[in-house]
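S.K.: Once you have looked at the hints, place chain H on chain P.
2 protein chains.
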Amino acid sequence: MASNPAGRPTLAVVGATGSVGAVLLQILSQHADIWGEIRLVASARSAGRKLTLRGAEVEVVALEESVFDGVDVAMFDVPDEVAAEWAPVAASKGVVVVDNSAAFRMDPDVPLVVPEVNPHAARVRPRGIISSANCTTLSMIVAVGALHAEFGLSELVVSSYQAVSGAGRAGVETLRAQLSLVAGTELGTSPGDVRRAVGEQTGPFPEPVALNVVPWAGSLREDGWSSEEMKVRDETRKILGLPDLKVAVTCVRVPVVTTHSATVHARFQSEVTVDKAREILATAPGVVLFDNPAAGEFPTPADAVGTDPTWVGRLRRSLDDPAGLELFVCGDNLRKGAALNTAQIAELVAAEFIGA
Amino acid sequence: MASNPAGRPTLAVVGATGSVGAVLLQILSQHADIWGEIRLVASARSAGRKLTLRGAEVEVVALEESVFDGVDVAMFDVPDEVAAEWAPVAASKGVVVVDNSAAFRMDPDVPLVVPEVNPHAARVRPRGIISSANCTTLSMIVAVGALHAEFGLSELVVSSYQAVSGAGRAGVETLRAQLSLVAGTELGTSPGDVRRAVGEQTGPFPEPVALNVVPWAGSLREDGWSSEEMKVRDETRKILGLPDLKVAVTCVRVPVVTTHSATVHARFQSEVTVDKAREILATAPGVVLFDNPAAGEFPTPADAVGTDPTWVGRLRRSLDDPAGLELFVCGDNLRKGAALNTAQIAELVAAEFIGA
Numbered sequence: 001m002a003s004n005p006a007g008r009p010t011l012a013v014v015g016a017t018g019s020v021g022a023v024l025l026q027i028l029s030q031h032a033d034i035w036g037e038i039r040l041v042a043s044a045r046s047a048g049r050k051l052t053l054r055g056a057e058v059e060v061v062a063l064e065e066s067v068f069d070g071v072d073v074a075m076f077d078v079p080d081e082v083a084a085e086w087a088p089v090a091a092s093k094g095v096v097v098v099d100n101s102a103a104f105r106m107d108p109d110v111p112l113v114v115p116e117v118n119p120h121a122a123r124v125r126p127r128g129i130i131s132s133a134n135c136t137t138l139s140m141i142v143a144v145g146a147l148h149a150e151f152g153l154s155e156l157v158v159s160s161y162q163a164v165s166g167a168g169r170a171g172v173e174t175l176r177a178q179l180s181l182v183a184g185t186e187l188g189t190s191p192g193d194v195r196r197a198v199g200e201q202t203g204p205f206p207e208p209v210a211l212n213v214v215p216w217a218g219s220l221r222e223d224g225w226s227s228e229e230m231k232v233r234d235e236t237r238k239i240l241g242l243p244d245l246k247v248a249v250t251c252v253r254v255p256v257v258t259t260h261s262a263t264v265h266a267r268f269q270s271e272v273t274v275d276k277a278r279e280i281l282a283t284a285p286g287v288v289l290f291d292n293p294a295a296g297e298f299p300t301p302a303d304a305v306g307t308d309p310t311w312v313g314r315l316r317r318s319l320d321d322p323a324g325l326e327l328f329v330c331g332d333n334l335r336k337g338a339a340l341n342t343a344q345i346a347e348l349v350a351a352e353f354i355g356a
Numbered sequence: 001m002a003s004n005p006a007g008r009p010t011l012a013v014v015g016a017t018g019s020v021g022a023v024l025l026q027i028l029s030q031h032a033d034i035w036g037e038i039r040l041v042a043s044a045r046s047a048g049r050k051l052t053l054r055g056a057e058v059e060v061v062a063l064e065e066s067v068f069d070g071v072d073v074a075m076f077d078v079p080d081e082v083a084a085e086w087a088p089v090a091a092s093k094g095v096v097v098v099d100n101s102a103a104f105r106m107d108p109d110v111p112l113v114v115p116e117v118n119p120h121a122a123r124v125r126p127r128g129i130i131s132s133a134n135c136t137t138l139s140m141i142v143a144v145g146a147l148h149a150e151f152g153l154s155e156l157v158v159s160s161y162q163a164v165s166g167a168g169r170a171g172v173e174t175l176r177a178q179l180s181l182v183a184g185t186e187l188g189t190s191p192g193d194v195r196r197a198v199g200e201q202t203g204p205f206p207e208p209v210a211l212n213v214v215p216w217a218g219s220l221r222e223d224g225w226s227s228e229e230m231k232v233r234d235e236t237r238k239i240l241g242l243p244d245l246k247v248a249v250t251c252v253r254v255p256v257v258t259t260h261s262a263t264v265h266a267r268f269q270s271e272v273t274v275d276k277a278r279e280i281l282a283t284a285p286g287v288v289l290f291d292n293p294a295a296g297e298f299p300t301p302a303d304a305v306g307t308d309p310t311w312v313g314r315l316r317r318s319l320d321d322p323a324g325l326e327l328f329v330c331g332d333n334l335r336k337g338a339a340l341n342t343a344q345i346a347e348l349v350a351a352e353f354i355g356a
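In order, the protein sequence lines correspond to chains P and H. Numbering (the UniProt record's numbering) for the first sequence: 1 to 356. Numbering (the UniProt record's numbering) for the second sequence: 1 to 356.
Warning: the hint list may mix true and false statements.
Which copy is meant is left open, so a pair is good if it fits within one copy or across any two.
[To be verified] Okay, derived cross-link-like pairs now, DMTMM-like style, lysine to aspartate or glutamate, Cα gap no bigger than 25 Å in a straight line: (1) 276 to 223; (2) 276 to 186; (3) 246 to 321; (4) 276 to 200; (5) 246 to 320; (6) 93 to 271; (7) 276 to 222; (8) 93 to 352; (9) 50 to 186.
No lab work stands behind these hints: they were computed from the structure. Predicted model only: the values in this text are computed from it and were never measured.
So here's chain P without its partners, still in its complex pose:
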């Protein structure tokens, strides 16, 4: 327990000025205030900026070793290579690091935690680092984890509908620029017309995303898989503690600003019923069941954006497999998909300090 006189742990937010950082500051201002001092840390370029946190202005300081002096918990939302370098530095000073990058997720000595699914894992952290999962994994894992706890999962087939903010502010700016080009035109009806109109303005995406869908996210891995697809498979297995789970994923970018959606085909170890699945999802923490097609109710990004839970709908038992369920899920990729899950893990850790 550190320097804070009120007995509350000291927090550092590393990467406070990014798009996930902005949501993190909102969440820290809204959640029950369990923290003592909160230090906002970013690259030297952003040092000196003032950000609003818990109703007050806080000056951003530059990332260097001394910012971790007296810190109990640090949330990292920075690129993989920055996390790889700096999380061990913080951990070596006794800080518990909660890292939102991919740098440590598959490290066997780093737990990968989704508080609704495997909170216990956060306590065993040999390197002093806890990882938060990828946004696409987080768009469905809370709902899938609740169903797994009841039925026992044997196979997942996931197709994503990923928002452009998953590629950061540049992703959002790119979509907005492209939408301005295509609004009010006849584009989208002849071969290559959208590509010609957009020209080189594809930003972080390999192809135009306005009036289009792009079956690619991340970088190329072996045998044609994308890094994003491998993350969803590997992280799902680790979070659920099912190293042999059959998982097939295809990741597709869509022209949505924020909120990842996914179709999920889930097979279980034995027969399932929609009634029982509904009962589980209706009471699962972090899940909203929004599923009444007769009344026009099913989740869309327009519903889920800006909210905390995983929205679940279109629940059907597979017609040709009594052990299968189909669902459609939506989750805000900047909230549960990033900032919220990081904050929830940090709050789990803070409870240890406060309880101590």
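M.R.: Frame of chain P; chain H shown alone:
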């Protein structure tokens, strides 16, 4: 053989003024000209309009029994209830009807034909009617059918990314109107903001489709399934002649003007290799294999729109199942998904007349 002096069959196009009808007239003007007279037929409201066909102007006539006098083949692209009433009228006069509606697709006495997959089925037509498949089925069935012929299909999991023109001109107009509202705004970042901006302007869709994805297409069937999802399952089984095939489908509308995409998880009766699958798809009629992620090559609607083939990419063997393949497919829903398949079937039938 009918009244045409040149020995070529006479064709009627019923529903010539709709959005699929417009593409049909293009195709009839571009393909090898095997037809004698072509009559353009529509509702009484559209009678008297002149449309360009094979470089000449043709006057649209109103749908009534006499328009089928002397006709050999009729292509129908009209609503289900119009087809249900008028296709039997035409058939009773000896006309071979090729119907693009859902009215007869599951009738055991009506073949459901995709010329690349089951051309032989077109010859057995006890009611004088041949059905063309649904646009979403057609977005993937040519590629899946080619793989089935080699490997023997045992299971399909399909998630669609469906264009708004699948809902006709009203669908396209709705997306364009919504895009004009959201272009240049900060919409899409807070709960319900897109819905409030769009208001009642959702056209044929239950929810806003700009900056959104909508997991619904068609009408409500039993147990939460949509009619579109049932069509993909039932039609796939019928076309492939696999009445017990396991099929799980989730249909989702996306803000794309034209071209349906789908992710396909396909399991086969025995082990598959990507090399063999590539070999099959590279030479399959009606398929373009566009699959080199290292060079940024994978299909998107912006590539496929306005073209005839099914574009296939992102080919991967399922990581956890040696009998599984993952693919991403794109097909123009107005061309192969509707007008082109109808024209191809009619051309098969015309060949019987010409060969006779």
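S.K.: Now tell me if each hint is right for this structure.
M.R.: So, going through the hints one by one against the coordinates:
Taking identical chains as interchangeable, the C-alpha atoms of residue 276 and residue 223 lie at most 25 Å apart only when they sit on different chains, with a minimum of 14 Å there against 39 Å within one chain. Taking the shortest Cα distances, residue 276 and residue 186 never come within 25 Å of each other, neither inside one copy (48 Å) nor across copies (40 Å). For the identical chains of this complex, residue 246 and residue 321 are neighbours both inside a copy (16 Å) and across copies (7 Å), given an alpha-carbon limit of 25 Å. Taking the shortest Cα distances, residue 276 and residue 200 never come within 25 Å of each other, neither inside one copy (50 Å) nor across copies (35 Å).
Proximity of residue 246 and residue 320 under a CA criterion of 25 Å is satisfied in both settings, with 19 Å inside one chain copy and 5 Å between copies. In this homomeric assembly, residue 93 and residue 271 never come within 25 Å of each other (Cα to Cα): the closest approach is 50 Å inside a single copy and 52 Å across copies. For a Cα distance limit of 25 Å, the shortest separation of residue 276 from residue 222 across copies, 18 Å, qualifies, whereas the shortest one inside one copy, 39 Å, does not. For the identical chains of this complex, residue 93 and residue 352 are intra-copy neighbours only, at 18 Å inside a copy versus 83 Å across copies, given an alpha-carbon limit of 25 Å.
In this assembly of identical chains, the alpha carbons of residue 50 and residue 186 lie at most 25 Å apart only when taken from different copies (23 Å versus 45 Å within one copy).
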